[in-house]
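The residues making up each chain are set out below.
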Amino acid sequence: MNANNSAPVCRAADGALSVRDVTKIYDPEGVHVVALEHCSLEIAAGEFVAVVGPSGCGKSTLLNIMAGFDYVTHGEILLDGAPLATPDTRPRPGSDRVVVFQQGALFPWKTVLENVTYGPVVQKQLDQSAAETKAREMLARVGLSNIEKSYPGQLSSGMQRRVEIIRALINDPKVLLLDEPFRAMDTVTKSASHEYLLELYNATGKTIFFITHDLEEAIFLADKVAVMTTRPGHIKLAISVDLPRPRNYRMLASQEFLRLKSQLVEAVHEEAVKAFQAGEREMA
Amino acid sequence: MQTALILIALAALILGLAAWRIQGQARLYEVGFGRQLATTLSSKSFQLTLAGFVIFVGLWWVTVSLLKLPWFNRLPGPLEVVGEWLSPTPTFGISIYTKDYYTHIFYSTYRATAAFLLATLLGIPFGLLMGWNKKFYDYSLPLVELIRPIPPLAWVPLAILVLPGSEPAVIFVTFLVAFFVTTLNTLLGVESIDDNYFRAAKCLGASNKDILFDVVVPGALPFIFTGLQISMGASWFSLVAGEMIAAQYGLGFLIWDSYSVIAYPVIFIGMATLGIIGWASSALVRVVGRRLMAWREAELSGGARAEV
Numbered sequence: 001m002n003a004n005n006s007a008p009v010c011r012a013a014d015g016a017l018s019v020r021d022v023t024k025i026y027d028p029e030g031v032h033v034v035a036l037e038h039c040s041l042e043i044a045a046g047e048f049v050a051v052v053g054p055s056g057c058g059k060s061t062l063l064n065i066m067a068g069f070d071y072v073t074h075g076e077i078l079l080d081g082a083p084l085a086t087p088d089t090r091p092r093p094g095s096d097r098v099v100v101f102q103q104g105a106l107f108p109w110k111t112v113l114e115n116v117t118y119g120p121v122v123q124k125q126l127d128q129s130a131a132e133t134k135a136r137e138m139l140a141r142v143g144l145s146n147i148e149k150s151y152p153g154q155l156s157s158g159m160q161r162r163v164e165i166i167r168a169l170i171n172d173p174k175v176l177l178l179d180e181p182f183r184a185m186d187t188v189t190k191s192a193s194h195e196y197l198l199e200l201y202n203a204t205g206k207t208i209f210f211i212t213h214d215l216e217e218a219i220f221l222a223d224k225v226a227v228m229t230t231r232p233g234h235i236k237l238a239i240s241v242d243l244p245r246p247r248n249y250r251m252l253a254s255q256e257f258l259r260l261k262s263q264l265v266e267a268v269h270e271e272a273v274k275a276f277q278a279g280e281r282e283m284a
Numbered sequence: 285m286q287t288a289l290i291l292i293a294l295a296a297l298i299l300g301l302a303a304w305r306i307q308g309q310a311r312l313y314e315v316g317f318g319r320q321l322a323t324t325l326s327s328k329s330f331q332l333t334l335a336g337f338v339i340f341v342g343l344w345w346v347t348v349s350l351l352k353l354p355w356f357n358r359l360p361g362p363l364e365v366v367g368e369w370l371s372p373t374p375t376f377g378i379s380i381y382t383k384d385y386y387t388h389i390f391y392s393t394y395r396a397t398a399a400f401l402l403a404t405l406l407g408i409p410f411g412l413l414m415g416w417n418k419k420f421y422d423y424s425l426p427l428v429e430l431i432r433p434i435p436p437l438a439w440v441p442l443a444i445l446v447l448p449g450s451e452p453a454v455i456f457v458t459f460l461v462a463f464f465v466t467t468l469n470t471l472l473g474v475e476s477i478d479d480n481y482f483r484a485a486k487c488l489g490a491s492n493k494d495i496l497f498d499v500v501v502p503g504a505l506p507f508i509f510t511g512l513q514i515s516m517g518a519s520w521f522s523l524v525a526g527e528m529i530a531a532q533y534g535l536g537f538l539i540w541d542s543y544s545v546i547a548y549p550v551i552f553i554g555m556a557t558l559g560i561i562g563w564a565s566s567a568l569v570r571v572v573g574r575r576l577m578a579w580r581e582a583e584l585s586g587g588a589r590a591e592v
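Chains A and B supply the protein sequences, listed in that same order.
Residues in the first sequence are numbered from 1 upward in steps of one, following this note's numbering.
Residues in the second sequence are numbered from 285 upward in steps of one, following this note's numbering.
Any given hint could be a false lead.
[To be verified] Straight line, CA to CA, 30 angstroms or less: simulated DSSO-like cross-link-like pairs of lysine-lysine:
hint, chain 1, residue 1, chain 2, residue 2
1, A, Lys110, B, Lys352
2, B, Lys418, A, Lys110
3, A, Lys190, A, Lys236
4, B, Lys493, A, Lys134
5, B, Lys418, A, Lys149
6, A, Lys124, A, Lys190
7, A, Lys124, B, Lys493
[What the hints assert, rightly or not] Cβ-to-Cβ under 10 angstroms is the rule here; a few derived chain A residues that face chain B:
hint, residue
8, Asn64
9, Ala67
10, Tyr71
11, Gly75
12, Phe107
13, Pro108
14, Tyr118
15, Pro152
16, Glu164
17, Arg167
18, Asn171
19, Arg183
It is worth saying that the hints were derived from the structure and are not from the lab.
Heads up, the beta-carbon is just placed ideally off N, CA and C, and yes, glycines get one too.
Start from the sequences, fold in the hints, and give me the full structure.
Here's what the structure looks like:
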C-alpha cells in the first residue's frame with residue numbers, strides 16, 4: 001500500500017464514470033414509479049461532480065445504483081469502461097466506490113479507530129496493526145488525532161462526517177459517493193467541512209460524485225455541477241466551474257461564482273416549480 | 285437484640301438502595317465508590333426514593349398495626365414480619381437463621397437461572413435468525429405468535445405428564461416464557477438496525493458473515509438486553525406459578541404451603557425475598573449489558589441527561 005501523502009496533488013488515473021441512458025423504474029408491475037429516464041452523465045477520472053435538483057428527483061437513486069444498492073431498468077453505467085450496472089448484472093456494492101451517507105453511517109458500536117480500520121481489515125488487505133497505523137496517519141491529516149478511542153456518538157456531526165470520509169478513503173476507492181453529507185449541519189460546521197473535503201480531494205484526487213441541493217456548496221466544491229430535472233430525472237445541463245483550485249471562501253463573492261450561481265438558480269428554479277406543480281397534481 | 289437486628293436491616297436497605305442508584309448512574313468507573321456513595325446518599329432524588337419506602341412501610345404499619353382496619357387486622361405488621369424474618373427462633377420455622385429458608389431460595393434461584401440461561405442460549409440465536417433470514421422469519425413468526433400467548437400455567441399439566449418428574453416441568457414452563465420474550469426482543473433488535481449500516485458494511489467489503497457479527501449482533505444488542513431484563517422478570521413470574529403447583533421446594537412452594545397452614549409472616553417473607561432476588565437478578569443483567577455496550581454508555585454520558 002502506498003501512503004500518498006508525499007504528493008500534494010495527484011490526479012487519479014482511474015475512476016471515470018459513464019452513465020449512459022439510464023432508466024430506473026421502481027415497481028414496474030405495480031405502482032410504476034419512473035425515478036430516472038434517459039439519464040446520461042460523463043464523469044472523468046478524478047473529477048469532482050456535484051448533482052443538484054429538487055428533492056425526490058432521483059439524485060439518490062442514481063447514487064444508489066452507482067453504489068450497487070439497486071438495479072437499473074435500462075441503460076448502463078461504466079466504471080473505467082467496464083460495466084458497473086446493467087439490467088442483467090446483479091448489483092454489488094464494493095470498496096472501489098464507497099458511500100458516505102446523508103445521516104451518517106459510522107457504526108456507533110465501534111470506536112473511531114475501529115470504524116476507520118474496518119474496511120482494510122475485513123477485506124484482509126491490511127492486518128489490524130498496519131491498518132491502525134494508516135488510520136492514525138489519515139485521521140491526523142484532517143485534524144482528528146485524539147479521538148481514536150471515542151465512539152461516534154461522542155463526536156460532533158462535523159467530526160463524524162470527517163471520520164466517515166476517512167473511513168471511505170482508507171480503502172483507496174476509485175470513486176467517492178457522497179449523498180448530501182453536510183445537509184443537517186449549521187453554516188459554520190458546513191464551511192469547515194467543505195475545507196476539509198477539498199483538502200482531501202486535492203490530496204487524493206479521487207473521483208467524487210456529490211449530491212446536494214445547496215447550489216453554493218455545489219459550485220464551491222465541484223469541477224462540474226449537473227442539474228437534474230424533476231422526476232423522471234435526467235441531467236438537464238452540466239456547468240463547468242472554472243474557479244481555480246485550491247479554493248477558499250473568498251471565491252464565494254467572486255464575479256464568476258455569482259454568474260454560475262445565477263445560471264444554476266435559473267435552471268433549478270424551473271425544475272422546482274415543475275416539481276411543486278407535479279406535487280399539487282398528485283395531491284388533487 | 286431484636287431492635288439491633290432491625291436497625292442493621294434498615295441500614296442494609298439504605299445502602300442497598302444507594303448501591304442500586306449508583307449502578308443506575310453507571311459512573312462507578314469514573315469516580316470511586318466511596319465518593320459516589322456520599323453524593324448519592326445526599327442527593328435529592330435518593331432522599332425521595334427513601335421517602336417512598338418510608339411512606340409505604342408507614343401505611344402498612346398504620347393500617348395493620350395501629351388502626352387494625354377490618355380485613356387488614358389478620359395481617360402481620362412490618363415489625364412482626366421483620367422480627368420473624370430476623371429471628372433466630374422463628375415461630376413459623378422460616379427466618380434467615382434456618383437452613384430451610386436457603387434451601388427454598390436455592391431451588392428457586394437454580395430453576396430460574398437454568399430456565400433463563402436456556403432461554404437466552406436458544407432465544408438469541410433464534411431471534412437473530414428470524415431477523416436475518418426472511419424465509420426463516422416467514423416459517424416461524426406465525427407459530428411463535430400463536431404459541432406465545434398461551435399462559436405458562438396452561439403448559440403445566442402437559443409438562444408434568446410428558447417430562448420426567450416435576451423438576452424439569454417447572455423449569456420448562458419457566459423457560460418457555462423467557463424464551464419468547466428473548467426471541468421477540470432479539471428480532472425487534474435486528475429489525476431496528478438502520479439499513480445504512482448494512483449498506484456501509486457492504487461498501488467496505490464485508491461478507492454476509494462479517495455483517496452478522498459486526499452489524500447484526502452489536503446493532504441488536506440494546507434490544508437484546510432490554511429483552512433479557514424482561515425475560516429475567518418473566519422467569520421469576522412463571523417460576524413461582526409453576527412452583528405453587530408442582531414443586532417440593534422453592535419460594536413459590538413456600539408461599540403456597542404457608543397459605544395452607546395460614547402462616548402469614550412466612551408468606552410475607554417469601555414475597556419480600558422474591559422481590560429482592562428478582563430485582564437483584566435484573567440488576568445483574570443490566571450491569572452485564574452495560575459492560576458489553578460501552579458505546580452506549582459513552583453516548584449517554586457524553587450527552588446531557590435529563591435531570592428532573
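Okay, the hints, checked on the actual structure:
no. : hint                : result
1   : A/Lys110 - B/Lys352 : violated, 60 angstroms
2   : B/Lys418 - A/Lys110 : holds, 27 angstroms
3   : A/Lys190 - A/Lys236 : holds, 27 angstroms
4   : B/Lys493 - A/Lys134 : holds, 25 angstroms
5   : B/Lys418 - A/Lys149 : violated, 36 angstroms
6   : A/Lys124 - A/Lys190 : violated, 34 angstroms
7   : A/Lys124 - B/Lys493 : holds, 14 angstroms
8   : Asn64               : holds, 9 angstroms
9   : Ala67               : holds, 7 angstroms
10  : Tyr71               : violated, 15 angstroms
11  : Gly75               : violated, 22 angstroms
12  : Phe107              : holds, 6 angstroms
13  : Pro108              : holds, 6 angstroms
14  : Tyr118              : holds, 6 angstroms
15  : Pro152              : holds, 8 angstroms
16  : Glu164              : holds, 8 angstroms
17  : Arg167              : holds, 7 angstroms
18  : Asn171              : holds, 7 angstroms
19  : Arg183              : violated, 14 angstroms
Checked against the numbered hints listed earlier, the structure breaks hints 1, 5, 6, 10, 11 and 19; every other hint is satisfied.
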